[in-house]
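Peer 1: Note that the protein sequences, when read in sequence, are chains A and B.
For the first sequence, counting from 1, position 51 maps to 51 in the numbering used here; every step adds exactly one.
For the second sequence, counting from 1, position 32 maps to 32 in the numbering used here; every step adds exactly one.
If you are wondering where the hints come from, they were derived from the structure by calculation, not from laboratory data.
This structure is a prediction, so every number in the text was calculated from the model and none was measured.
The beta carbon of each residue, even a glycine, is placed where N, CA and C say it ideally should be.
One thing to keep in mind: the hints can contain errors.
[Claimed, not checked] If you only want the chain B side, here are some residues facing chain A, beta carbon under 10 Å, derived:
{"id": "1", "residue": "Y28"}
{"id": "2", "residue": "I88"}
{"id": "3", "residue": "E89"}
{"id": "4", "residue": "H95"}
{"id": "5", "residue": "I109"}
{"id": "6", "residue": "F111"}
{"id": "7", "residue": "F117"}
{"id": "8", "residue": "R122"}
{"id": "9", "residue": "N130"}
{"id": "10", "residue": "N282"}
{"id": "11", "residue": "V284"}
[Unchecked claim] Heads up, simulated DMTMM-like pairs for lysine to aspartate or glutamate below, C-alpha to C-alpha not over 25 Å straight-line:
{"id": "12", "chain 1": "B", "residue 1": "K46", "chain 2": "A", "residue 2": "D17"}
{"id": "13", "chain 1": "B", "residue 1": "K25", "chain 2": "B", "residue 2": "D84"}
{"id": "14", "chain 1": "B", "residue 1": "K97", "chain 2": "B", "residue 2": "E249"}
{"id": "15", "chain 1": "B", "residue 1": "K250", "chain 2": "B", "residue 2": "E220"}
{"id": "16", "chain 1": "B", "residue 1": "K97", "chain 2": "A", "residue 2": "D17"}
{"id": "17", "chain 1": "B", "residue 1": "K234", "chain 2": "A", "residue 2": "D17"}
{"id": "18", "chain 1": "B", "residue 1": "K222", "chain 2": "A", "residue 2": "D17"}
{"id": "19", "chain 1": "B", "residue 1": "K135", "chain 2": "B", "residue 2": "E247"}
{"id": "20", "chain 1": "B", "residue 1": "K250", "chain 2": "B", "residue 2": "D143"}
{"id": "21", "chain 1": "B", "residue 1": "K252", "chain 2": "B", "residue 2": "E101"}
{"id": "22", "chain 1": "B", "residue 1": "K142", "chain 2": "A", "residue 2": "D17"}
{"id": "23", "chain 1": "B", "residue 1": "K142", "chain 2": "B", "residue 2": "E251"}
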Amino acid sequence: MVSPTQSRDITLLELLDRILDRGVIIAGDVTISVADVDLIFLGLKLILTSVETAEKIGLKGMEEAVESH
Amino acid sequence: MNRLRSSLSPDKLGARKSKLGGAEKGFYIYCVMDRDKSFKKFDGKKGPRGREIYAIPYKDVGAVVSKVDLSEFDGTALEENLNDMEWIESNVRGHEKVIEEVMRHRAVIPFKFGTIFRTEARVREMLEENYHDLKHLLCWFKDKREWAVKVYCNLQELKSALSKSSVRINEPGKEISSKSAGAAYFLRKKAEDILSEEADQKMVEYAEKFYRQFGEYAEECKLSPLWSRETTGKDADMILNATYLVEGEKEKDFLSTFQSLKREHAANGLEFECTGPWPPYNFVPLPAFAKAMAGQSIRKDSNG
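Kindly produce the complete structure, drawing on both the sequences and the hints.
Peer 2: In structure tokens:
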């Protein structure tokens, strides 16, 4: 079992997926639209993408998402 | 590569854009918790960057917050910060650490990153407006934790395991040795196609079977999109990505099911991964809160 706060790339991705896109979504007075940020894993390099976008493209074809930027 | 917008939705006093380096403060919410009589305060525990954490109470619930500098979350600053792995490490992991700490002692409803209110009164207002939904959810979450299971399949290994056991696949093989080169080629091709088909079917069967098996020990379960190889960096395909809300009493059985399935299927090219316990991020019903905020501007993205 891997604890959520251990330092592992996949777990960081799981963590980001949860806190950027899950949990209670209440419009505060200052809402960060972090959903607009890009997150993609390419080998050891971590780039940010919205989980929404990733879901739309079925989390495949990451090359397409990269090229469109 | 990094596109980023942070928006300040209009508050009741009218929209004001915070400036870089401005001293405007806000109240950052990590989660809402059950505030039973035993709760005093968060002795010594700190949030990200050593921030104080404390609870803003409303009846028997509380919002766990830190006072923050709005400038850290302002558009340009946020973009820079999100490019900074150290900032991510401390703020993102820090957000999670606070929730995990609170979760050790009581039921929590985790909030998405970046929910900030301008005043404590506004936080209390949010608690009041959503009190019944929050209370209901806290009751549901009591003594339960989220666990994530991912299963990966190495196609070559699966095919290898199947070809040893499958009659259908071995049938053509018996004829091949007695045929001409051309006929042999077609028979081999046929055998490969059958093997591919069986492997595809097997992966779907496995995914459904495992999803159900783990679900026997859960109060709620959820399927999430599969991650690509580019994302996981593995030489295998993800066939199951599921989360489960498991009662404390059933955790032991849930985890031993995980261990035995993992062992049982290692020879079939299957890899099992389990992470947890997580705060119940995946089991927060969104519509309940979205409707409570009718009338306020809600960005389409933030509704998930």
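Peer 1: All hints are to be evaluated individually against the structure, with a verdict given for each.
Peer 2: Verification of the supplied hints:
The interface hint given for Y28(B) holds, since its Cβ lies 9 Å from the closest Cβ of chain A, which is under the 10 Å cut-off. For I88(B), the interface hint holds, since its Cβ comes within 10 Å of a Cβ in chain A; the closest pair sits about 8 Å apart. At a threshold of 10 Å, the smallest CB-CB gap from E89(B) to chain A is about 8 Å, leaving the interface hint in force. Satisfaction of the interface hint for H95(B) is found here, the shortest Cβ-Cβ separation to chain A being roughly 6 Å, below the 10 Å cut-off.
A least Cβ separation of about 6 Å between I109(B) and chain A falls short of the 10 Å threshold, and the interface hint therefore holds. For F111(B), the interface hint holds, since its Cβ comes within 10 Å of a Cβ in chain A; the closest pair sits about 5 Å apart. The beta carbon of F117(B) comes within 5 Å of a beta carbon in chain A, closer than 10 Å, and the hint placing it at the interface holds. For R122(B), the interface hint holds, since its Cβ comes within 10 Å of a Cβ in chain A; the closest pair sits about 6 Å apart.
Contact between N130(B) and chain A, as hinted, is supported at the beta carbon level, the nearest pair being about 7 Å apart and thus within 10 Å. With its C-beta approaching chain A no nearer than about 6 Å, N282(B) sits inside the 10 Å limit, and its interface hint holds. At its closest, the beta carbon of V284(B) sits 5 Å from a beta carbon of chain A; the interface hint therefore holds under the 10 Å criterion. Between K46(B) and D17(A), the direct Cα distance comes to roughly 23 Å. Compliance with the 25 Å bound is thereby established for this hinted pair.
In summary, the hint linking K25(B) to D84(B) is supported, as the alpha carbons are separated by about 22 Å, within the 25 Å threshold. For the hint pairing K97(B) with E249(B), the CA-to-CA distance comes to about 24 Å; that is within 25 Å, so the pair holds. The straight-line distance between the Cα atoms of K250(B) and E220(B) is roughly 13 Å, inside the 25 Å bound, and the hint therefore holds. Distance hint between K97(B) and D17(A) is fulfilled; the C-alpha atoms sit about 15 Å from each other, no more than 25 Å.
Taken as a hint, the K234(B) and D17(A) pair is honoured in the structure, with Cα atoms around 19 Å apart against an allowance of 25 Å. For the proposed pair K222(B) and D17(A), the alpha carbon gap of about 14 Å is at most 25 Å, so the pair holds. This hinted pair checks out: K135(B) and E247(B) have alpha carbons roughly 18 Å apart, not beyond 25 Å. Our distance criterion of 25 Å between C-alpha atoms is met by K250(B) and D143(B), whose separation comes to about 10 Å.
Proximity of K252(B) to E101(B) is assessed by CA-CA distance (about 21 Å); at most 25 Å being required, the pair is judged to hold. As the CA atoms of K142(B) and D17(A) are separated by approximately 23 Å, the hinted pair is consistent with the 25 Å bound. With a C-alpha separation of about 14 Å, the suggested pairing of K142(B) with E251(B) holds against the 25 Å cut-off.
Consistency note: the structure conflicts with none of the earlier hints.
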